[in-house]
Every structure is written in structure tokens, then in C-alpha cells.
Amino acid sequence: MPVGGGGLVNAAVGTAGVALGLAASLLGILTLAVGLRSKRPALLRLGRSYAWLVLVGAVLATAAMERALITRDFSLSYVANNGSAATPALYNVATLWGALEGSIILWSLVLAGFTVGVVVKFRARLTDPLVGWATLVMLVVCGFFFLLMVGPANPFTRVAGAIPTSGPGPNPLLQNHPLMAIHPPMLYLGYVGFTVPFAFAVAALVTGRLGEGWLAATRRWTLLAWGFLTIGIGLGSWWSYEVLGWGGFWAWDPVENASFLPWLTGTAYLHSVMVQERRGMLRVWNLSLLLATFSLTILGTFLTRSGVLDSVHSFTESPIGVWLLCAFAATVVVTVGLIGWRGDRLRSPGSIDSPVSREGAFLLNNVLFAAFAFVVLLGTVFPLVVEAVNDERISVGTPYFNRMTAPIGLALLFLMAVAPALPWRKASGELLWDRLKVPTWFGVACLVFAVAVGARGVSPLLAFGLGGFAAAGAVRHLSMATVAARRQGASVFRAFVGRSNGGMIVHVGVVVVAVAFTAASSYTTSATFTLTEGSSATIAGHTVTYEGMNPPDVTPQRRQLSARIRVDGDGIYEPALNQFPQATQTIGTPSVRVGAVEDVYLTLVAVPERTGGPVVLGVIIEPLASWLWVGGGIMGFGTLLAAVPPARRRRTQDPVATDAGAPDEVGERAADDVERVPTGVH
Amino acid sequence: MAPGGGAPNDPAEVVRRPGERAELGRDDAAPGDDDEELLAPRRGRTALFTAAAVGVVLVALVAVLATSDPASSRLADSPLLGRRAPVIEGTSLLSGEAFDLADERGRWVVVNFFATWCEPCKAEHPDLVRFAAAHEAPDDARVVSVVFSDQPADVERFFDERGGDWAVIDDTTGIVPAWGVTGVPESFLVDPNGVVVAKILGGVTAEGLEDLLVRAQAGPQGAEAEASGS
Amino acid sequence: MKRALRVAVPILVVLVALAVGASGSDGPRTDAERSQAIAGSVRCPTCAGQSIASSDAPAAAQIRAEVDRRVAAGESDDEIEAALVGAYGDGILLTPPSSGVAGLVWILPVAGLVLALAVLFVAFRRWRPDAAAPASAADRLLVAEARRELESRSHER
Chain A
1 MPVGGGGLVN
11 AAVGTAGVAL
21 GLAASLLGIL
31 TLAVGLRSKR
41 PALLRLGRSY
51 AWLVLVGAVL
61 ATAAMERALI
71 TRDFSLSYVA
81 NNGSAATPAL
91 YNVATLWGAL
101 EGSIILWSLV
111 LAGFTVGVVV
121 KFRARLTDPL
131 VGWATLVMLV
141 VCGFFFLLMV
151 GPANPFTRVA
161 GAIPTSGPGP
171 NPLLQNHPLM
181 AIHPPMLYLG
191 YVGFTVPFAF
201 AVAALVTGRL
211 GEGWLAATRR
221 WTLLAWGFLT
231 IGIGLGSWWS
241 YEVLGWGGFW
251 AWDPVENASF
261 LPWLTGTAYL
271 HSVMVQERRG
281 MLRVWNLSLL
291 LATFSLTILG
301 TFLTRSGVLD
311 SVHSFTESPI
321 GVWLLCAFAA
331 TVVVTVGLIG
341 WRGDRLRSPG
351 SIDSPVSREG
361 AFLLNNVLFA
371 AFAFVVLLGT
381 VFPLVVEAVN
391 DERISVGTPY
401 FNRMTAPIGL
411 ALLFLMAVAP
421 ALPWRKASGE
431 LLWDRLKVPT
441 WFGVACLVFA
451 VAVGARGVSP
461 LLAFGLGGFA
471 AAGAVRHLSM
481 ATVAARRQGA
491 SVFRAFVGRS
501 NGGMIVHVGV
511 VVVAVAFTAA
521 SSYTTSATFT
531 LTEGSSATIA
541 GHTVTYEGMN
551 PPDVTPQRRQ
561 LSARIRVDGD
571 GIYEPALNQF
581 PQATQTIGTP
591 SVRVGAVEDV
601 YLTLVAVPER
611 TGGPVVLGVI
621 IEPLASWLWV
631 GGGIMGFGTL
641 LAAVPPARRR
651 RTQDPVATDA
661 GAPDEVGERA
671 ADDVERVPTG
681 VH
Chain B
1 MAPGGGAPND
11 PAEVVRRPGE
21 RAELGRDDAA
31 PGDDDEELLA
41 PRRGRTALFT
51 AAAVGVVLVA
61 LVAVLATSDP
71 ASSRLADSPL
81 LGRRAPVIEG
91 TSLLSGEAFD
101 LADERGRWVV
111 VNFFATWCEP
121 CKAEHPDLVR
131 FAAAHEAPDD
141 ARVVSVVFSD
151 QPADVERFFD
161 ERGGDWAVID
171 DTTGIVPAWG
181 VTGVPESFLV
191 DPNGVVVAKI
201 LGGVTAEGLE
211 DLLVRAQAGP
221 QGAEAEASGS
Chain C
1 MKRALRVAVP
11 ILVVLVALAV
21 GASGSDGPRT
31 DAERSQAIAG
41 SVRCPTCAGQ
51 SIASSDAPAA
61 AQIRAEVDRR
71 VAAGESDDEI
81 EAALVGAYGD
91 GILLTPPSSG
101 VAGLVWILPV
111 AGLVLALAVL
121 FVAFRRWRPD
131 AAAPASAADR
141 LLVAEARREL
151 ESRSHER
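Protein chains in written order, with this note's numbering: chain A, 1 to 682; chain B, 1 to 230; chain C, 1 to 157.
The shape of chain A in the complex, shown without the other chains:
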């Protein structure tokens, strides 16, 4: 085992990487600041080199830590505290983001990557003060994270005293499923990705260039970040379904809320930005949404890393909390100050003709998303506020969030169905009915079908009906737009991609998720059975038969006892209980019979106390649960399509052409007008 020498190398290389990253960030900030102040293009061009240096530092730190983890160099505290000699290779690599210090390394690596991405993408415009400021902001954020690694979250401290020969390994819950290996990186790509539009928003405020240039410049970056965040949240939810053993996929716990908050504001932004591109309105609002999204990622990191709230997933308390809180406070003060200062420049020209129009729908959409985010944020921090105010201890959990967000969710589904059918500016009733006819009847049919198959309860039924309405609306819009683009001579591929079409596919994904979420959380049936070998039990039309225990599966890191359960006479499923030597609690591994209509979710509650004795088996029947992941996948796919440039059409600059009162077919085209805005500097 390469302890002494190898350990020194890892620590030295890692520390050097962190130092390089920090130094490059600071020098880059200084150079750019001087360059911006004295208007010297040569200095601004240097920003690119510093960004690369920061990336080199981050790569060095990551490589050193990964090498330490893979070679099991227990002379580093991080490895000694989180690694173990017995952890399998995949989880060993993933241990990098299994605890606080390592996850900060990953964070800075991703951030440095994005920074380099920005300077490469905008290499032709490096001397533009807007890009200069944006790069500077990115470097400031990089500098902050490297500072964390120098100060409170130093990942390369060495073990004091004797070097251990092994460690406890990562938290058993986190080494139980391969999804855990990819969920955090996805989430970080999303979180960190929002730094790019944030940096450009700040740059636009500072330079006073509040035209739409910066918006177009960051459109794809925002989309990319949003897509990663969506996938990250989806994977996290999938992980908790596969691992935690209670059949749930969303618990509204602080960590989940922390990732959901920027998603909500980010989603609001992706919609309202279209109003700004199209009508030049809502500038303050759009900037605020981007600034809020970034601030919320920092706040979320604080809430989950500081131990102020506890949660199943969060890491233990650490002094890093103070730093993150300061960062949050600084971000808030700077951004609010900037908006206050530039408020005069931000007034929106333009006007809205009618609330019943695309822009009207986007505005309402934004009010709803903002309300959604407010509910989630309030519910998350409210226990702390109440305690600070009158020392009362309360909890805010699932029942609150479900009750408060269900009406908002239903309203959003409705809006999702209607908005794509609305033309910009103004809609006539005739036009609207013409476009909504088919979706309406499809929604009604879905509702009737749900009632017919026995679904009960007003809000789930509304969700199914509105879901059908929205899905049909999205499919209709998609097919019309594709056909229209084909007619204009676009290739099949080009006709299908683009923001509008990709967006409609995302909508379909959202509907699938919403319907599955509603079904799986409203119509779950569960029971616990004590079964002797060979005996069966029946629940909600499914038969489970206990066919005996498997021989214990013992590896150095855990001891696993699994039962063989036959479901409905065909497949064998093996829910298990794991005993990890370092943990007092046993951890179950559920086994799920995945089905298109319903999942049969099996958990082993208790193993036989003597050989041949009965087992206690938990069975949960969850309708449509598997569609949650399908829907998430559709959302990811739609995001990808939205990022591909669509078939180009000639832009019309004649204001009359898209004015109100235009004949129907013009209105229909206007509905897709979003696409005509050039997608920026590429």
C-alpha cells in the first residue's frame, strides 16, 4: 500500500492544485479589473489564460484526490474518514462527492470547466467589457470555492498521528446504488451551470448594456444548466425510490427543496425570457430571476451543508456554513444593489395588449412559479424563523407542501395546455377554440377514462384531465410546427428541433411526471405480511410468495441477507437487508417489479430469527411509478432538442406583420415566432 511517499505526493499535488487555482483566480480578477478600468484590451485577453490556469488547478486537485481514493491513501484525512479498503471501485471514485470537502473539489472543477467554456466560446469577444465582466464574476466565484478549500474545507489535510489502514467507508446509504455515483455530478453541473447566466446578468448590470445581447449570449448555457439540474433532481428522486425502501420518491426534505428552488426560478426564467426577447419587456424581472437562481444555489448549499436543518442526505455540520452564508449575503447585497442602481435603465419599453395572449400567459406562469418557489423556500426555512421569533418548535413537511403546491401545480398544468395555443399580443375566441378543441376533448377523455378505471378524488382527477389537455396541446403544437417547417423546406431533423419544439417535448415530459407523481402518491396501497416459507399473500390483485432465504452474501464491507419472493407467479424478486459493520442500523435494499401500470415494491422488514422461520415482508403497490423516470428522460431529451438550432426562417422586422388582429394563419405562425429571434453569437 503506497502510504508514506505516495501520500505525500497526493497531498502535495492536491494542495498545489488548490493554490494554483486560488492564485490564478485572484490574479485573473485583478488583471480583468485593471483591464476593464483602464480599457486595455490586452489585459482583457489575458482573462482566458487565467481561466485555463484555474482549470489546471482544479484538475490537479481532483486528480490528486481521486488518486488518493483509488490507491487508498489513508494518510489523507478525507480518505481516512470517507474511504475504506473494502469499498468497490465505482463507489471509491464516487467517494469524491460523498462528503463535504470532496464535493467542493468537484464543484470547483465543474465551475472551472464552465469558466473555460465561457472564455473559449466567447474567444472572439474577450475584449468586450460585457464578456470581461462576466469572466471576472466567474473567476470571483471560482476564487471563493478555492478559498473554501484553503480555509474551512481543506480536502488535503493529512491524518495526525498514525496512518490508519482503512476507513469507515462512505455512508452505507450512499454506497448502495450506482445512481449515487452519477446523481451528484449531474446536480452540480446544473447548480454550477447557472453561474454562467448569472455572471452575464451581473456583467450586463455593471456595464449598463441591458439590451438583449447578453440574453441571447447565455440562452444555451441556461438551457444546459437547467437540463442538468432537471436530470440531477430526477436521478436523486430515482435513487431515493430505489434505495430508501419506503417506496417514496420525493419527501420535500431540505436537500430536495434546495435543488428544487433554483429549478423553479430557472424554469420561470426560461419562460419569461421569451417575453423579453420578443417584446423587450420584463428586464428587471428576468435579471432578478437569474440572480435569484444563483443565490438560491448558494443558499441551498448553505442550508444543506451547515447543519442548520437536518436531513437524510446532508453532510455533518462544519464551519463552512459561515462562509456560505457570507457568500449568500454578499451575493444578495451586490445583486440587489445592482438592480436598485440600474433600475432606471431597466424600465421596459413595450406594452401588453391583452392578458389573453402568449405574453399574458408567460406572466401568469411566472407569478405561479414564483409562488411555487416562495412556498418551497418559506416551508424550508420557516421552522428556523419561528424559532428565532418566539422559540416555538414546529415542523413543516410533506402535508404542508402537498396542500400548498397542488393548486399551483394544477394551475400550471392548465396554463401549459392553453399557453402554446395563444398567439402573441392578442387572441380571438374563435382562434383559441380552433386550437384548443382537440386538446380539450382529449383532456376530457382522459378524465372520463380515469374515473372509469376507478380513480377517485377531485385533485388527482383534475391532474389527469389537465395533464391530458396539456399533453395534447403540446403534441398538437409540435406537430403543426414540424409540418410547417417541413413545408418551408427544412430537413426532418431541423424541423423537429429548436426551442419551441424542444420546449413542447419538455412539456410532454412534465405532464408524464405530473400524472405519474399524482397516481403514485394518491393511489398507493401498502401492507406488511409475515410469511412462512412457501406461503403467499395477496394485495391489490398481486400475489407475493415467499420461497425462502438466499445464503448470506458476505463481503468485507457488508453482510447481505436476501429473500426470494415470487410476484404473481412469474419473476423472482430479492429484497434484502444489509448490515454494514460501521453502522448500527441495518439498511434495506428494496426490490421492485417494474410495470407499465404499477410497480410492486418489496422490502424485507425482518429476516427469520431461526432458519426456516417466517420473514416479514413489506409490499407497496405504486401505480405508474415507473413513468416518473420516463417523464424525466423525456424532459432531458426535450432540453437537448431545444438547444439545437432550428430551421432558420427569415426574420420579419416589420412590426405590422405580427400585430394584433392578424388573420388566423398569421397568428398561428406568430405563435412560433420565438424561433425567429436569432439565437445569438455562435
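The hints are simulated quantities; they were obtained by calculation from the structure and are not laboratory data. Hints may contain errors.
Claimed, not checked - Below, simulated EDC-like cross-link-like pairs (lysine to aspartate or glutamate); rule was C-alpha separation at most 16 Å, straight line: (1) C:K2 - A:E66; (2) B:K122 - B:E156; (3) B:K122 - B:E161; (4) C:K2 - A:E430; (5) B:K122 - B:D160; (6) B:K122 - B:D103.
Said to hold, decoys possible - For the chain A half of the interface with chain B, some residues (derived, Cβ under 8 Å), not all of them: (7) V284; (8) L325; (9) A327; (10) F328; (11) A329; (12) R393; (13) I539.
Just so it is clear, the structure is predicted and the values come from calculations on it, not from any experiment. Beta carbons are placed, not taken as given, at the ideal position from N, Cα and C, and that holds for glycine.
Since the structure of chain A is provided, determine the placement of chains B and C on it from the hints.
Okay, now just chains B and C, sitting in the frame of chain A:
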């Protein structure tokens, strides 16, 4: 409404076209902006006020967050304090004798929740033994233990090995949830009138218990203040 | 008439379907279902964020057993919740109380939403442009022509 306001897609407003490059230091705020500025200075102030209001709320939030203790150190309170102790009734696992907390009026009782699998419980056990022994002769205070998620056989072995001969009750009737116990070890002090006066999270020490007893005898406030200590 | 009908028919169908759907949705009936429903709204005290229904922690298991016992003894949901609050405090319920300072958590979002909608309403009024001259037939002709021309140009490309 500003005359310029109605013009949609003012060419100056639209996106920089591909290939277009800004000159260094050029401020490209759209001309439309400046017109607006002259014509309607009110909205800018709205932005300022809104920004200030949002800022104040957020600063307050930061203040709350900054002054919040970590979640783990915020739990030593209990709604039972100052109220009649919930029922503890059962047969001692060790002696087989019946025990009823209601029969203990006139004495102080330390109600200790424990499990044999819990390390801090093992650590606090000698202190409980010492405390019980010290109060056996004056008979002014007693210890009763309630088992938390554990096997009776393990409990008997635990007491065989580590001493202690007070009543040990296995929880089959919901004693743990009635006392609001969340984990082990947790202990409560019940006064001679059968009222809960203190809750101790985590392990106890003999000295700590004695100190608590003195404070509790002095008055209820003293005991409650102490409750978060230990 | 026809126009009113085509909107009224789907609305009517929806209302009938909802009425049928709502009629069958009484609260949970069996003891097991009641226990499950209550457990879903009780916080696991050692694992914040999760309900006792979704946790395997010892404390959660004990509170679950207590809920089962009380349900079997025929206590109402409110009695059971009150008993748990008496032992653990308000924090044991995942549903925040609706009175006092804590009640703000219910009121603030609703108030915020109403305020936001009011602002939006005012904004819509303010944003409405001065009555622009309606597009005349000649305007439309012009537009159509311009479009045709643009179209043909884009085909040429």
C-alpha cells in the same frame, strides 16, 4: 404611455446579430432606453424601492440563519416539563416485581431510557449505579430504566455485567412515545409530586444528577435551565 | 348558441366526471389505512424531513406502533395527534399549526399570490397601449404581400 412604448421589436432593441462585435468600452444601451428614461422616470424608483424591500427581507433571513444553532443542539426541551409524568407501569425484567411510577410519590425518580446497543448508555451506566447507590439509604430518590428497542435477554445480561438492581421495564405499552423519547440515552427527573421537572438528552453523570436534584429542590426554574446541560 | 354549446358540453362532462370521482373518495376506512395516513403526517424525530411512515429509525418504529395501538383503541385522528404533540411538542407534526406566528406559513403564500396577481392585474392595465388604429384591410393586404415576398425569398435561399 410613452410614445416609444408601443413600438414592438424596435430594431435597436433586438439581439446583437451573429458576427456583430461590440467595440471596447462602447455602451450599447439601446437608444430607446434613453428616450424612456427622459419620459418616465418613475419606474426606476419602483425598482429601487422593491430592491430595497427585498434586500431587507433577505438580510433578515440571513440574520435568522446566522443566529440559528445547529439542529443537533436544539432538542433538550420537552412539553412534559412541569406536567404530570406519563404512566410507567410494568414488571421489572430483573426482579420480576411490579413497578408503578404512581407509587413512587414522595421520592424523586430518575426515569432513564436506554438500550444495550447504545454506546453512551454503556458509558452513563456506572454513574446511574453510583447515583442509585448513594440514594438507596436515604431513600429520597430512585432510578427506573425503560428499555428502548431492545431484547429482554440482552438487557438482563447488560445489568448482570454492569450492576444496577433498580426496576427495568420493557416497553410494550407505548411508554417511549408517551414520554416523547426520540433516541437513547434520554433521562427525565420526576419530582416527589409526580411532575416532570427536567429532561436530559444524552448520557448523565452522577454529579450532574445530584446538581440537578439540588437545583430542582430550589425551584422549577433552576431545573429547567439545567435541562439542556449534561 | 352553437358557440356556447361547444364550450358548455366539455365543461358539463368534466363536472359530471368530477362529481362521480369525488363521491367515491371518502377518507381512509380500515385501521391500517388510517394508521398509514396518520403516520404520513408525523415527523420522525431523529431523521428530520421524513415522516415516520417512511423511516426505519427505532424512534419512528415506536411511534408507528403507538399510532397503531391508538387507532386500534378507536381514538380519533385528532386525539392521536394531540397525544403525540403532548409528548413531543408541535414539531412532531409535519403539518404546521394554523394559529399564532406559525400560522403565517399558511397565510403568507396566499397573501403573496393575491398580491402578485393584483400587481399583474394593474400591470396589464398600465401596459395596455393607447388605442392603436385597428388594422385596415389595406394594412392586411400589405402584410400578406410582404409575407409572400419574404417567403419566396427564403425559398430561393
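Evaluation of the provided hints:
no. : hint            : result
1   : C:K2 - A:E66    : violated (71 Å)
2   : B:K122 - B:E156 : holds (14 Å)
3   : B:K122 - B:E161 : holds (11 Å)
4   : C:K2 - A:E430   : holds (12 Å)
5   : B:K122 - B:D160 : holds (13 Å)
6   : B:K122 - B:D103 : violated (28 Å)
7   : V284            : holds (5 Å)
8   : L325            : holds (6 Å)
9   : A327            : violated (11 Å)
10  : F328            : holds (7 Å)
11  : A329            : holds (5 Å)
12  : R393            : holds (7 Å)
13  : I539            : violated (27 Å)
When the structure is compared with the earlier hints, violations turn up for hints 1, 6, 9 and 13 and for no others.
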